[in-house]
Amino acid sequence: MAEESFLTDDFLRQLMNVGEVDILVGLPTYNNAKTVGSIVHTIQNGILRGFPRERVVIINADGGSRDGTPEIVTSVSIDDMRPASNLYALRTLHSISTKYGSGPASGVAFRTILAAAELLRAKACVVLSPESANIEPEWLATLLRPVYRDSFDLVMPTYSRHKFEGLLITNLLYPMTRALYGTRIRETYSPEFGFSGRLGSQFLGQNVWTDGTDGDGAELRFTLAAITGKFRICQSFLGEKMHIERRAADLVPALRQTAGALFSALEPDFPVWSVVAGSEPAPTAGADKAVLLEPLRINRKRLREMFSSGVAELDSVFQSILSPGTLAQLQEIARLEDDRVQYSAELWTRTVYEFAASYQKSVISRDHIIQALAPLFRGRAFTFLMENRNASADEVETSIEGLCLEFERLKPYLLQLWKSRE
Amino acid sequence: MREMIISELSQAWHEIARGFAHFLPRLIVMLILAMVGWVIAFVIKVALRSILRLVKFDKLSENAGASQLLTKAALPSATEVLSRFVFWVAWLGFILLGVSVLGILGLQEQVARFFLFLPRLFVALFILFVGLLAASFFSRAALLAAVNANVPSPRVLGLAVRSIIIVFVLSVVFEELGLAEQTMLVAFGIAFGALMLGLAIAFGFGGRDLARRYLEKKIVRGKKEENEDELSPL
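Respectively, the protein sequence lines represent chains A and B.
Counting along the first sequence from 1, when you hit position 264 you're at 264 in my numbering, and nothing is skipped either side.
Counting along the second sequence from 1, when you hit position 195 you're at 195 in my numbering, and nothing is skipped either side.
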């Protein structure tokens with residue numbers, strides 16, 4: 001009951017009416033009226049197929065939608081699908097919606113779901129995203145079964161993706177978390193994942209919510225908390241990842257939620273990651289990665305231009321963050337012609353580690369440090385696209401593996417930077 | 001006649017001696033105050049320097065852009081400058097206190113005015129420092145936002161934000177110090193107006209080609225990008 005204070009009275013009353021549950025399905029929403037109805041149907045279908053004997057609740061944490069999203073969630077009846085599916089629940093299935101604010105905040109939504117899970121003593125929980133365009137009923141069993149039946153504490157998804165989708169994950173999050181924390185989890189930041197009530201309660205008590213980050217990137221901090229807390233983690237293959245909307249322009253918010261959250265976690269987790277050497281794969285059900293290769297038209301020129309102009313214009317900012325050697329190399333490659341620009345794995349790794357150390361030192365505003373990383377990430381993305389333009393799935397994987405090994409090889413450099421700050 | 005002169009001289013001598021005897025203790029008090037003041041000011045300087053180093057004032061000053069100004073002027077670090085400044089203000093305060101003990105008419109009023117001016121001086125310095133910090137922060141925020149939005153000439157935007165804030169801060173500082181308030185008001189109006197006019201002219205004439213290229217680029221790119229897939233970073 002530690003976290004009940006930030007929940008509304010109405011929400012608490014609804015939770016008390018539900019009592020205890022076996023499974024909790026969390027659905028954070030914000031103006032998702034177009035898709036949320038079919039997603040709730042899919043969830044109900046998945047529950048009826050995989051967990052008909054369990055007590056289940058769907059918790060919708062809404063950021064103040066103005067398109068009637070919460071009403072749709074609570075009005076979708078499980079009876080709607082019975083004539084077609086011939087499926088029956090033997091226990092209760094509730095749908096509750098609560099408004100946590102007047103704007104989307106994934107961290108607050110996640111905290112609301114965690115608090116509800118603790119109050120309802122849920123054994124297994126799953127969070128699904130209304131932004132995913134292809135949620136299948138099987139996803140529930142895939143994400144919940146390892147927790148409910150096999151006593152895992154965290155189930156992270158793996159997807160089949162286009163080779164150029166999720167570059168922030170393949171070029172920064174995955175290599176860096178793998179090198180520092182020693183566990184190979186492909187999707188450390190995902191809007192869909194399953195977890196145990198035990199892990200949820202433990203994370204709810206951490207100071208992630210009060211450390212000034214407003215819970216930004218809480219999903220990533222959750223994964224890292226599971227690793228550092230030595231909880232049992234596995235991966236399950238969900239299939240193709242499809243977004244309802246592709247939003248490449250949201251790079252800075254994405255960096256805040258991923259790189260910002262990761263850099264924030266490094267200081268409290270220092271005793272753990274500083275002694276880790278190498279990395280181990282996490283147990284995986286199904287494929288741990290699958291790469292799609294269909295042609296994709298991408299504006300590479302714009303990426304390169306924004307990289308070059310960023311390096312030139314932000315010179316004064318980079319002087320505070322990067323070492324003179326790294327900055328000089330960046331300035332050199334930023335001046336090259338298109339096909340000669342080569343932001344190597346080693347230079348990128350050094351860049352990221354120097355950013356992480358500067359973030360800890362707070363050499364300038366931490367948010368400015370994260371924003372300054374955006375043009376450099378574009379440079380790295382450009383190089384990755386050019387290097388893998390005609391690459392096969394295996395060659396792309398080899399390239400990502402090479403980057404991961406570079407992050408592992410240069411880990412002592414980060415430790416050296418870390419010590420020098422003291 | 002001779003006795004009269006000797007008597008007058010003797011009387012004058014006695015008066016000088018009495019006056020000197022009356023003045024000497026005050027002079028000694030003044031010198032003691034100056035010496036004690038030096039010791040106290042020195043202790044304050046050392047203590048302040050330690051505190052400023054503890055709170056990493058040099059780093060703050062670097063963020064505010066003040067350190068760069070000091071380096072260009074071949075001055076020591078911000079911590080050293082501030083602690084030396086406080087030392088001199090404190091010592092000068094004690095010396096003036098001693099001067100007021102001398103009882104010289106006219107000087108006492110000036111000494112009182114100096115002490116009344118001190119709080120305003122410190123407030124003005126504080127405003128200046130916070131203002132420089134704000135100017136540095138907001139100009140960097142504007143620069144980063146412009147770079148990430150792919151706006152042309154982002155450095156000009158950052159510089160404009162910094163200049164506007166510094167002009168505003170300087171006008172507030174001078175008003176706080178009470179230095180030529182009317183002149184500063186007019187100067188601020190002229191400087192601010194000139195800055196705005198300059199920006200308008202620069203955008204209208206100097207940036208004409210840039211604006212055309214920008215708009216062309218935007219429109220052409222907009223059309224082009226409609227046919228291109230966008231990458232999701234996550």
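Hints are not guaranteed to be accurate.
Simulated restraints, written as ranges between beta carbons of each label pair [said to hold, decoys possible]:
hint	chain 1	residue 1	chain 2	residue 2	range
1	B	201	A	301	57 to 63 Å
2	A	323	B	43	23 to 29 Å
3	A	405	B	126	51 to 57 Å
4	B	119	A	5	53 to 59 Å
5	B	193	A	412	56 to 62 Å
6	A	253	B	159	23 to 29 Å
7	B	126	A	342	22 to 28 Å
Which chain A residues face chain B? A few, computed with CB under 10 Å, are given here [said to hold, decoys possible]:
hint	residue
8	41
9	169
10	284
11	366
12	371
13	375
Calculated directly from the structure, the hints in this document are not laboratory data.
Note that the Cβ used here is the ideal one computed from N, Cα and C, for glycine as well.
Can the hint on residue 371(A) be confirmed by a CB-to-CB distance to chain B that is less than 10 Å? holds (4 Å)
CB of residue 193(B) to CB of residue 412(A), is that within 56 to 62 Å? holds (57 Å)
Could you say whether the range 51 to 57 Å given as a hint is met by the Cβ separation of residue 405(A) and residue 126(B)? holds (52 Å)
Can residue 41(A) be said to touch chain B, with a Cβ gap under 10 Å? violated (26 Å)
Measuring from beta carbon to beta carbon, are residue 253(A) and residue 159(B) in 23 to 29 Å? The hinted range 23 to 29 Å holds for residue 253(A) and residue 159(B), with Cβ atoms some 27 Å apart.
Should the hint that residue 201(B) and residue 301(A) are 57 to 63 Å apart at their CB atoms be regarded as holding? Violated, at about 33 Å.
Measuring from beta carbon to beta carbon, are residue 126(B) and residue 342(A) in 22 to 28 Å? violated (49 Å)
Evaluation of the interface hint that places residue 169(A) against chain B, nearest CB under 10 Å: holds (6 Å)
Quick check: does the Cβ-Cβ distance between residue 323(A) and residue 43(B) fall within 23 to 29 Å? Cβ of residue 323(A) to Cβ of residue 43(B): about 40 Å, so the range 23 to 29 Å is violated.
Can residue 284(A) be said to touch chain B, with a Cβ gap under 10 Å? violated (20 Å)
Proposed interface contact between residue 366(A) and chain B, which counts if any beta carbon pair is under 10 Å: violated (12 Å)
Tell me if the beta carbons of residue 119(B) and residue 5(A) are separated by a distance inside 53 to 59 Å. Between residue 119(B) and residue 5(A), where Cβ atoms are some 44 Å apart, the hint is violated.
Comparing the model with each earlier hint shows violations of hints 1, 2, 4, 7, 8, 10, 11; every other hint is respected.
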